[in-house]
Amino acid sequence: MLDVVNARTMTARALQVDRVAVEVVGALAADGVRAVLLKGAAIATWLYDEGACRPYGDADLLVAPAYFGPAERTLTGLGFVLKQAGLSPVEETPHARLWVRGTDMVDLHRTVWGVGVDPASAWTVLTAETEVLRIGGGTVEVLGHPARALHLALHAAQHGGREVKPREDLERATALLPFDTWQRAAVLARSLGAVQPMAAGLRSTPATASLADQLGLEAGAPLWIRLRVGAAFTDALVIGKIVQARGLKAKVATAVRYLVPTPGRLRGRYHFARRGPVALGATYLWWPISFAGRLPRILADIRRATKRDAGA
Amino acid sequence: MPETVQLRRSAIEWRVVEGEVVALDVARSEYVLINRSGTALWDLLAEGSTPEALVDRLVDRYGLRPEVAAADVDAFLGVLAARQLLERP
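The listed protein sequences correspond, in order, to chains A and B. According to the numbering used here, the first sequence is numbered sequentially starting from 212. According to the numbering used here, the second sequence is numbered sequentially starting from 16.
Don't read these hints as lab results, they were simulated from the structure. Idealized CB from N, CA, C, for every residue including glycine. It is possible that part of the hints are untrue.
Claimed, not checked - Just a few of them, taken from the derived set where beta-carbon distance is under 7 Å, the chain A residues facing chain B:
hint	residue
1	ARG219
2	THR222
3	ALA223
4	LEU226
5	TYR259
6	GLU261
7	PRO266
8	GLY268
9	GLY347
Start from the sequences, fold in the hints, and give me the full structure.
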């Protein structure tokens, strides 16, 4: 009975997300911004039979990086606010920003996690082939099948062993999609500098691992990907960020910002820190103590990731 | 000629989950949970159907007396119409 109630609730939520997606895409279009829906209904309607419940709670929209600022102004005009304001560039998720309006959430992407080319090039490649999907009382643009398949593999690598949904989506896709689609996805991955994350995503579960071999995707993955795929503790992922940062200056800046976070970062992480300046100050005092307590797990995650070869 | 009624696609979005229709009244942003007999009629309404065909569906599926099924259909169509979720194609 509870499962049925949960399925209805999640489905109702998904319908609401679809409506918000259509509303925002329409407003963006009116402001001259083209947006493409990632995941959500683009996956649910593609890979899941009618009658199955594939939940999602936010609308992921990809825009060209040149239009990211205007898109954020559109969202502000619609009453959305940035979920985590006041973060430094180092603390922000580089590929997207989450906007909220009550219970409505829009994850605005300037690019997709795992892509190794600049966002403008990624936009051109990803949106070269799109389709129109009817949802939420309107229509939205979604990626073509090869790009969507690639995104599923990247998503599985990004959220690794911590979330079930990305693995389930990828397993369904590998079972349902023709090999030709995956071959074209691999071609896209090479154009986007995303071969290693794609391979890591496919090799993250036994059910999908053989496809990586069939596609001839190289084994082996850098540490920052292995940390992701290995379900690393969130703080350990910062090590991945430090490794990924280009140049000593950027690596030091990333490390320093992690050790001395912005008020926005602390307020986002700890409810207590939002209670005022005194609470924020106390949280700053608590932060190094908390870090020391988390250090063993961070080190264990890094040890596991350095031993593990996600491509093997 | 019996009058055909159909769900107004621009006004309502739905999914069938666990054998039941979960719908969103788009204009009101309200969820509408359709009960079992409503779900039995939903596919006919999505394509367009006469009230008589809807009654027949309930009689066939649930063994209802025709007058009871007709009253159920009238009530159901009345609720949908009140929400402006129906149109005549």
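Evaluation of the interface hint that places THR222/A against chain B, nearest CB under 7 Å:
Interface hint status for THR222/A: holds (4 Å vs cutoff 7 Å).
Using 7 Å as the Cβ threshold, decide whether LEU226/A counts as touching chain B.
Holds - the Cβ of LEU226/A comes within 7 Å of chain B, reaching about 4 Å at its closest.
Go through the hint on PRO266/A and say holds or violated, using the shortest Cβ distance to chain B against 7 Å.
violated (10 Å)
Would you settle whether the hint for TYR259/A is holds or violated, based on the nearest Cβ-Cβ distance to chain B being less than 7 Å?
At 10 Å from the nearest chain B Cβ, TYR259/A fails the 7 Å test, so the hint is violated.
Restraint check, 7 Å cut-off on beta carbons, for GLY347/A near chain B
holds (6 Å)
Can you verify the interface hint for GLU261/A: is its Cβ closer than 7 Å to any Cβ in chain B?
holds (5 Å)
Chain B contact restraint on ARG219/A - CB to CB distance below 7 Å:
holds (5 Å)
ALA223/A as chain B interface residue, shortest Cβ-Cβ below 7 Å:
At about 4 Å, which falls below the 7 Å cut-off, the nearest Cβ of chain B leaves the hint on ALA223/A intact, so it holds.
When the nearest CB of chain B is found for GLY268/A, is that gap smaller than 7 Å?
violated (15 Å)
Hints 5, 7, 8 from the earlier list are contradicted by this structure; the remaining hints agree with it.
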